[in-house]
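K.L.:
As you go down the protein sequences, you meet chains A and B in turn. Here the numbering used here is used: the first sequence runs in plain steps of one and ends on residue 220. Here the numbering used here is used: the second sequence runs in plain steps of one and ends on residue 220.
Note that these hints are calculated values from the structure, not bench results. Small disclaimer: the values here were computed from a predicted structure and weren't measured. Beta carbons are placed, not taken as given, at the ideal position from N, Cα and C, and that holds for glycine. Heads up, some of the hints might be wrong.
Per label pair, the in silico range of CB-to-CB distance [unchecked claim]: (1) B/S208 <-> A/T209: 44 to 52 Å; (2) B/G81 <-> A/E127: 54 to 62 Å; (3) A/T211 <-> B/G113: 25 to 33 Å; (4) A/G9 <-> B/T124: 37 to 45 Å; (5) A/A149 <-> B/Y206: 21 to 29 Å; (6) B/G114 <-> A/V10: 42 to 50 Å; (7) B/G81 <-> A/T209: 50 to 58 Å; (8) A/L213 <-> B/G81: 42 to 50 Å; (9) A/G150 <-> B/A40: 19 to 27 Å; (10) A/G188 <-> B/K2: 46 to 54 Å; (11) B/A78 <-> A/G150: 47 to 55 Å; (12) A/G102 <-> B/L108: 31 to 39 Å.
Given next are the chains, with one letter for each unit.
There are 2 protein chains.
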Amino acid sequence: MKIGVLGTGVVGEAIATALAEKGHKVMMGSRTAGNEKAMAWVQKAGEMAREGTFGEAALFGEILFLCLNGEHALNALAFAGLERFSGKVVVDITNPLDFTKGMPPRILQQFSGGTSLGEEIQKTIPEAMVVKTLNTVNFNLMVDASKVAGGDHNLFICGNNAEAKNKVKQFLSQNFNWKTDHLIDLGGIESARAIEAIVPFWVLVYRSTGTPLFNFKIVQ
Amino acid sequence: MKIGVLGTGVVGEAIATALAEKGHKVMMGSRTAGNEKAMAWVQKAGEMAREGTFGEAALFGEILFLCLNGEHALNALAFAGLERFSGKVVVDITNPLDFTKGMPPRILQQFSGGTSLGEEIQKTIPEAMVVKTLNTVNFNLMVDASKVAGGDHNLFICGNNAEAKNKVKQFLSQNFNWKTDHLIDLGGIESARAIEAIVPFWVLVYRSTGTPLFNFKIVQ
Numbered sequence: 001m002k003i004g005v006l007g008t009g010v011v012g013e014a015i016a017t018a019l020a021e022k023g024h025k026v027m028m029g030s031r032t033a034g035n036e037k038a039m040a041w042v043q044k045a046g047e048m049a050r051e052g053t054f055g056e057a058a059l060f061g062e063i064l065f066l067c068l069n070g071e072h073a074l075n076a077l078a079f080a081g082l083e084r085f086s087g088k089v090v091v092d093i094t095n096p097l098d099f100t101k102g103m104p105p106r107i108l109q110q111f112s113g114g115t116s117l118g119e120e121i122q123k124t125i126p127e128a129m130v131v132k133t134l135n136t137v138n139f140n141l142m143v144d145a146s147k148v149a150g151g152d153h154n155l156f157i158c159g160n161n162a163e164a165k166n167k168v169k170q171f172l173s174q175n176f177n178w179k180t181d182h183l184i185d186l187g188g189i190e191s192a193r194a195i196e197a198i199v200p201f202w203v204l205v206y207r208s209t210g211t212p213l214f215n216f217k218i219v220q
Numbered sequence: 001m002k003i004g005v006l007g008t009g010v011v012g013e014a015i016a017t018a019l020a021e022k023g024h025k026v027m028m029g030s031r032t033a034g035n036e037k038a039m040a041w042v043q044k045a046g047e048m049a050r051e052g053t054f055g056e057a058a059l060f061g062e063i064l065f066l067c068l069n070g071e072h073a074l075n076a077l078a079f080a081g082l083e084r085f086s087g088k089v090v091v092d093i094t095n096p097l098d099f100t101k102g103m104p105p106r107i108l109q110q111f112s113g114g115t116s117l118g119e120e121i122q123k124t125i126p127e128a129m130v131v132k133t134l135n136t137v138n139f140n141l142m143v144d145a146s147k148v149a150g151g152d153h154n155l156f157i158c159g160n161n162a163e164a165k166n167k168v169k170q171f172l173s174q175n176f177n178w179k180t181d182h183l184i185d186l187g188g189i190e191s192a193r194a195i196e197a198i199v200p201f202w203v204l205v206y207r208s209t210g211t212p213l214f215n216f217k218i219v220q
């Protein structure tokens, strides 16, 4: 499958690397073509890897992964060209966190109190099918659920389009070892408010346990 | 031990009932003495039970449980008389939720964005040792951790006073079957922001799973 990964940080690199290893054609997108980190990644990742602008990556991928800094995510979409997301399944991994005001980190004000970054992304690209997931785990765990407790823990997913959510579940199962019945569907994209809101809590648990390789398991 | 339980709702009743059954002397406090729900509870709970005003319950208990509606909790403290909380361990179970604007519920604006209800309670009664915990589980589970998965799941705790946190851990272990090593200390009372912020998420998981008898387990 052809995949677009928007973002060159640790999350983008982890997703892009794992998917190229699985045999997908992956384009890593950044603000400018020839981005240093993207070029270095292409060198390392081999023949399945290529790089380009945000817009080129959005056009390239059948599925797109948003691995953008929360504060600049909406700008990046505009920079890519909003029409390029039309009809695409867009996996939103972004977190609107503000670490500048001490611990625990806060949710950026513009994405709190009755909205969320996931919802604002869906509003910005209304012709895309935005699915929020993966944002509640460490990047190493995103791409291989089995790294913690043999994969026996949960991921949360939301979005307005049921078919797109099913596609993403299948994709995460086939590529990242997330069993589909471990993915808990929390409803429409407005549920991104709650899924984003647990990330400051995640940060505190990380501080307390000393490892980012943990996850939440819902037990009954 | 003498316990004060402030609040006559389902949470207050569950806590008060469980503690009276364990042989503690429990006073349920409400805005006015002779409150109908408190009187009914005393009838049911027997000789360990008594009822009174918020102020009487605060004075009575060696440990106090705040089982108040989040919106009115600070008012209730003022109504009780702030000096009555001095030197007391105050277990804060409140949640500042606003269900009036649809799902997921929101955090009440006055307790979001750089503060929390837990912190505002601690500021309001600075001579008390406020410990935030129990607010992330259903009231039936609060008083008996073994009701879910044999007790193998986690509770989160925060507060500024280490000794008070230890007392609460011991208390929850001895009375409510919460193993002390299942209680994860997330730091000072400012961590109440993150602990309160996961409750809208809890509500969505409840909606998705169909039962309130679940909890989060941190797996590594």
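K.L.:
A separate judgement is required for each hint: does it hold in the structure or not?
P.N.:
The hints, checked one at a time:
1. B/S208 <-> A/T209: 44 to 52 Å: violated, 26 Å
2. B/G81 <-> A/E127: 54 to 62 Å: holds, 59 Å
3. A/T211 <-> B/G113: 25 to 33 Å: Holds: the Cβ-Cβ distance is about 29 Å, inside 25 to 33 Å.
4. A/G9 <-> B/T124: 37 to 45 Å: holds, 41 Å
5. A/A149 <-> B/Y206: 21 to 29 Å: Distance hint for A/A149, B/Y206 holds at roughly 23 Å.
6. B/G114 <-> A/V10: 42 to 50 Å: The hinted range 42 to 50 Å is violated for B/G114 and A/V10, with Cβ atoms some 27 Å apart.
7. B/G81 <-> A/T209: 50 to 58 Å: violated, 40 Å
8. A/L213 <-> B/G81: 42 to 50 Å: For B/G81 against A/L213, whose Cβ atoms are near 48 Å apart, the range 42 to 50 Å holds.
9. A/G150 <-> B/A40: 19 to 27 Å: violated, 49 Å
10. A/G188 <-> B/K2: 46 to 54 Å: holds, 48 Å
11. B/A78 <-> A/G150: 47 to 55 Å: With a Cβ separation near 51 Å, B/A78 and A/G150 satisfy 47 to 55 Å, so the hint holds.
12. A/G102 <-> B/L108: 31 to 39 Å: Violated, at about 22 Å.
Violated hints for the displayed structure, listed by number in ascending order: 1, 6, 7, 9, 12.
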